[in-house]
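Trainee: Listed below, chain by chain, are the residues.
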Amino acid sequence: MHAFDYQAPTTVAEAIQLLAKHNGTARPLAGGTDLIDQMRVGRFAPEVVIDVKKLKELNVLSVDADGLHVGAAVPCYRIYSDETVNSQYTALADSCHIIGGIQIQSRASIGGNLCNSGPAADSTPSMIALGGVCVITGPDGTREVPVESFCTGPGKNVLKPGELLVEVRFPTRPANSGSHYRRMIPRNEMDIAVVGVGASVVLDASGQKFASARIALGAVAPTPLFAQAASALLAGQPVNDETLDKAATAAREIASPITDMRGTREYRIHVTGVLVKRVLQAAVARARGEDIGYCRGH
Amino acid sequence: MATADKPKYKVIGTRPVRHDGADKVTGRAKYGADIKLTGMLYGATLRSPHAHAKIKSIDTSKAEALAGVRAVVTSADLPEQGDRIVELGEGAANMRHLTANVLARGKVLYKGHAIAAVAADNIHIAEEAIKLIKVEYELLPPVLDVRKAMSAESPVLNDDIRTESVGSAPASKDSKPTNIAKHFLFEKGDIAAGFAKADVIVEREFDTSMVHQGYIEPHNATVFWNTDGKITVWLSTQGSFSVRQQTAELLKVAISNVKVVPTEIGGGFGGKISVYLPPVAAMLSKKSGRPVKLVMSRTSVFEATGPTPGSHMKVKLGATKDGKLVAGEAWIAFEAGAYTGSPIGPACMCVFACYDLPNGRVEGFDVCVNKPRTNAYRAPGSTHVAFATETLINEICEKIDIDPADFRIKNAAKEGVRRVDGPVYARVGMVETVEAIKNSEHYKAPLEGKHRGRGIASGFWFNCGLKSAASATVNPDGTVSLLEGSTDIGGSRTGIAMQLAEALGITAEEVTPTVGDTDSVGYCDVTGGSRVTFATGIAAIEAAKDIQRQLIARAAMIWDVDASKVSYSDGGLHGPAGKHLSFKEIAAKLHGTGGAVIGRGTSSEATQGGAFGTHCVDVEVDVDLGKVQILRYTAAQDCGTAIHPSYVEGQIQGGAVQGIGWALNEEYWYDEKGEMRNATYLDYRIPTCYDVPMIDTIIVEVPDPQHPYGVRGVGEVPICPPPAAIANAIYDAVGVRMHDLPMSPPKLLAEILKKES
Chain E
191 MHAFDYQAPT TVAEAIQLLA KHNGTARPLA GGTDLIDQMR VGRFAPEVVI
241 DVKKLKELNV LSVDADGLHV GAAVPCYRIY SDETVNSQYT ALADSCHIIG
291 GIQIQSRASI GGNLCNSGPA ADSTPSMIAL GGVCVITGPD GTREVPVESF
341 CTGPGKNVLK PGELLVEVRF PTRPANSGSH YRRMIPRNEM DIAVVGVGAS
391 VVLDASGQKF ASARIALGAV APTPLFAQAA SALLAGQPVN DETLDKAATA
441 AREIASPITD MRGTREYRIH VTGVLVKRVL QAAVARARGE DIGYCRGH
Chain U
3 MATADKPKYK VIGTRPVRHD GADKVTGRAK YGADIKLTGM LYGATLRSPH
53 AHAKIKSIDT SKAEALAGVR AVVTSADLPE QGDRIVELGE GAANMRHLTA
103 NVLARGKVLY KGHAIAAVAA DNIHIAEEAI KLIKVEYELL PPVLDVRKAM
153 SAESPVLNDD IRTESVGSAP ASKDSKPTNI AKHFLFEKGD IAAGFAKADV
203 IVEREFDTSM VHQGYIEPHN ATVFWNTDGK ITVWLSTQGS FSVRQQTAEL
253 LKVAISNVKV VPTEIGGGFG GKISVYLPPV AAMLSKKSGR PVKLVMSRTS
303 VFEATGPTPG SHMKVKLGAT KDGKLVAGEA WIAFEAGAYT GSPIGPACMC
353 VFACYDLPNG RVEGFDVCVN KPRTNAYRAP GSTHVAFATE TLINEICEKI
403 DIDPADFRIK NAAKEGVRRV DGPVYARVGM VETVEAIKNS EHYKAPLEGK
453 HRGRGIASGF WFNCGLKSAA SATVNPDGTV SLLEGSTDIG GSRTGIAMQL
503 AEALGITAEE VTPTVGDTDS VGYCDVTGGS RVTFATGIAA IEAAKDIQRQ
553 LIARAAMIWD VDASKVSYSD GGLHGPAGKH LSFKEIAAKL HGTGGAVIGR
603 GTSSEATQGG AFGTHCVDVE VDVDLGKVQI LRYTAAQDCG TAIHPSYVEG
653 QIQGGAVQGI GWALNEEYWY DEKGEMRNAT YLDYRIPTCY DVPMIDTIIV
703 EVPDPQHPYG VRGVGEVPIC PPPAAIANAI YDAVGVRMHD LPMSPPKLLA
753 EILKKES
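So the protein lines, in turn, are chains E and U.
Count along the first sequence from 1, then add 190; that gives the number in the numbering used here.
Count along the second sequence from 1, then add 2; that gives the number in the numbering used here.
Be aware that one or more of the hints could be misleading.
To be verified - List of simulated lysine to aspartate or glutamate pairs, DMTMM-like, C-alpha gap at most 20 Å:
1) Lys323(U) x Glu266(U)
2) Lys12(U) x Glu622(U)
3) Lys749(U) x Asp450(E)
4) Lys261(U) x Glu622(U)
5) Lys757(U) x Glu456(E)
6) Lys289(U) x Asp79(U)
7) Lys133(U) x Glu237(E)
8) Lys199(U) x Glu511(U)
9) Lys326(U) x Asp161(U)
10) Lys56(U) x Asp192(U)
11) Lys749(U) x Glu456(E)
12) Lys436(E) x Glu622(U)
13) Lys350(E) x Asp330(E)
14) Lys675(U) x Asp450(E)
15) Lys446(U) x Glu622(U)
16) Lys316(U) x Glu266(U)
17) Lys756(U) x Glu456(E)
18) Lys254(U) x Glu511(U)
19) Lys211(E) x Asp195(E)
20) Lys567(U) x Glu587(U)
21) Lys591(U) x Asp626(U)
It should be emphasised that the hints constitute simulated quantities derived from the structure, not laboratory data.
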């Protein structure tokens, strides 16, 4: 590995100043589970590594009138151990349980997962499904970007030099809502999503109709996708196989996967539909307060 | 489960704590990369980014000039080998190819092919320095498909390879260089007449992908070339003496100038026999005057060591409607990788080895392609062909409506049966392993549920004897220090110590086994061919007998009687008039009666009786995802006599799990340029503990008459049946026959969708 400097600022202002000063040659370090490996294999060779774990804004995990705030450096284990996340933002808890093993979950953050901007990131579809908004601070102040607009390509995102992802904010969950994330992997553990699907649904008071839904897809395009049409067509529809099949078909239409060592294009498109249906069924069950018999972490 | 009566043993068949257990579970055991020497330098290797290219020039000057760099080597620093074939214990090697594989000469033949190496003060400088080496390439088209490589139009990898004919294969008329390095042909009976008798004939084509052994510990070597010309090599290996010879031959020094010190080894499965790093580290040490350590990255292990070949096979079987096999024909092409040497020979011998086949014809080809030079992997070649034959057997059983276990029992190879390639079996246990599965609770249990299926398959491996040596010193406290030269991969030092203990009538704990270096112990061939517990066991038993003879002489002296009046049994000496000395008592008297007693034993070229296994598996298929879950797995195997049943079970379980990985997900995934795109454990998917259930084992014991205690090697057979057993179970579950390994979700889903439409 090449030689590099290490900085551990204690205020966001200081971190932004450092990032701006090094203009593209610095990389923030949260859990480091992606960055350190990328540096070891030579994919990135930053001159300065800026540890953001000492910034209190990036360690926030709280609920207020605006909803749920998850600091960009909060590790997965804190997220899935949180009562509110577990009961209301379950797709996010599902994702955090899937990412790595216990050691990785103790360090890895959803902020890092998002900023690494991998098409197959396991937490991004959940964040999109739950309506997450990225709070970004930089030399020109603070701006907000919906999670579905954050990634711009494999390993690329909207952050400009000097900008830092501070937190992801999720709106308050409505009544009769449920969410789920699931992925297809050839093994049952230690793997990367061939297709990942996150979905959040809101049912009407009867629990028999969709009021609204948000479906997000991973690993089927250069970036995680918000399946807008598939989500929109569910509103007002009865919860049944026919409706779910329509959503699955619409989701397949926006998938544009590649063929690689993880799966063929045809396979990924097919599986997108299969998982959309399965994930919606689980999200509906959760919205109804039913146990979906899902073993977390797989 | 014992299927034959056996004498009662005191030590054999028990489960003592392994002698290396404490070191291993506390993390104190020293593996190859743990070696640290005073003044040691760290090396890094420059590897080819191209699959096939001529090297036009190599400029190392900038690397040499970097501060902290102590030596740089290329193939120019290794001696020319010319056309030499050297016998290396478990097969011969073409030295010209071996040295070019260690450091490329003129051409790179696969991505990851080593070109140059650097030794520096630390690994970071070494890695920086290799980036400063400038190599000019002339790119050549990569040859990646075994059948295309065989065509006359294909680019040729090696200009010194011409087809060598083996068996009854006609000699090649074409003297032009070719990618077909070997052509095997074995024939038995009259296959036309055989197939004419068949009521049912099934013929299918099969493909399997290149797969890796997947050991956790990467290749490593630390070498010091002393000023007196003595070279010491520390590394983890399956064969210290093979490393000594390969290193000496590659450096053209006397073998007595090379000492190999084996460390503990984190898995080998056949892949840690060939030498990659020691000659390079040796030259770096010679040039720098310092010890040099080289350790491969995981990616280099995948790209540049010795996986097992991908294959293309066409196999045809014929049977009568009452369930008798009458003829079989196989055409098998293996990817040798960059240089000749795939296990195509064993594959040809194994393809019909489980059966009494009256008429057979087997043709095989060893074909060079731009992939790493393949090497042994657990029953090399046998898993490929078992996948083909064992799925065809089940297809025949379905067509003639006979239970696949009954069909196998009816046609099983047994004593006196001649294989297609010639040899006649001694007492073997194929029938017994199928019977064990047929009678198992698993096979009898009903399998319920949607998309669930059950499959069985059998497998064969020869097992070899080769050469082993051991010595054993009696300590004054009545214990024995055992020194042997077989590097221990699966608990063999304890298995060998137990045989010595049994022969001397002492306990396993009273023997302290040590795996010695090449200067301290007699010649031992590699830990491979499922030979160590068998052959090094015989050497240890011989050493025990030597100790017995010497102790008899001591007792005769103490008692002042003729040695013929003294005998050794039940852990002690018996003389006239009820005279008795226990082993412990005589051990205490050695100092006063002539000094140390050291027993010696060797074993040379004893033949093993071959081993068979039959497996049964239940699967559930997710028909929307094409994903297979293994629900239940039972493996029955003839182990002759299980010395330490826990290690026998461990070998069977480990082999089955590797076979499951090969069946479902493992593959070298190449792009069109010849780059392996999944050279990490993230994307090269060996099974995790969530992917396999507990593998139940049934130890069948049909003692091998060629070993004093009836041992048969157990390490290799269990990898052979799993892909076929799983393919048969998938068919039972969802009605599609898979002919292509791995049976990964995309491939299986495509077949399921094809059937549905």
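Trainee: Give a verdict on every hint.
Mentor: Each hint, compared with the structure:
1. Lys323(U) x Glu266(U): 54 Å, violated
2. Lys12(U) x Glu622(U): 44 Å, violated
3. Lys749(U) x Asp450(E): 13 Å, holds
4. Lys261(U) x Glu622(U): 52 Å, violated
5. Lys757(U) x Glu456(E): Holds, at roughly 16 Å.
6. Lys289(U) x Asp79(U): 10 Å, holds
7. Lys133(U) x Glu237(E): Satisfied, since the Cα-Cα distance of roughly 18 Å is no more than 20 Å.
8. Lys199(U) x Glu511(U): 59 Å, violated
9. Lys326(U) x Asp161(U): It is violated: about 47 Å lies between the C-alpha atoms, which goes past 20 Å.
10. Lys56(U) x Asp192(U): Violated, because 48 Å separates the two Cα atoms, which is more than 20 Å.
11. Lys749(U) x Glu456(E): Holds, at roughly 11 Å.
12. Lys436(E) x Glu622(U): 28 Å, violated
13. Lys350(E) x Asp330(E): 10 Å, holds
14. Lys675(U) x Asp450(E): 14 Å, holds
15. Lys446(U) x Glu622(U): Status holds; Cα separation ~18 Å.
16. Lys316(U) x Glu266(U): 41 Å, violated
17. Lys756(U) x Glu456(E): 13 Å, holds
18. Lys254(U) x Glu511(U): Violated: Lys254(U) and Glu511(U) sit about 43 Å apart, past 20 Å.
19. Lys211(E) x Asp195(E): 14 Å, holds
20. Lys567(U) x Glu587(U): 19 Å, holds
21. Lys591(U) x Asp626(U): Violated, at roughly 75 Å.
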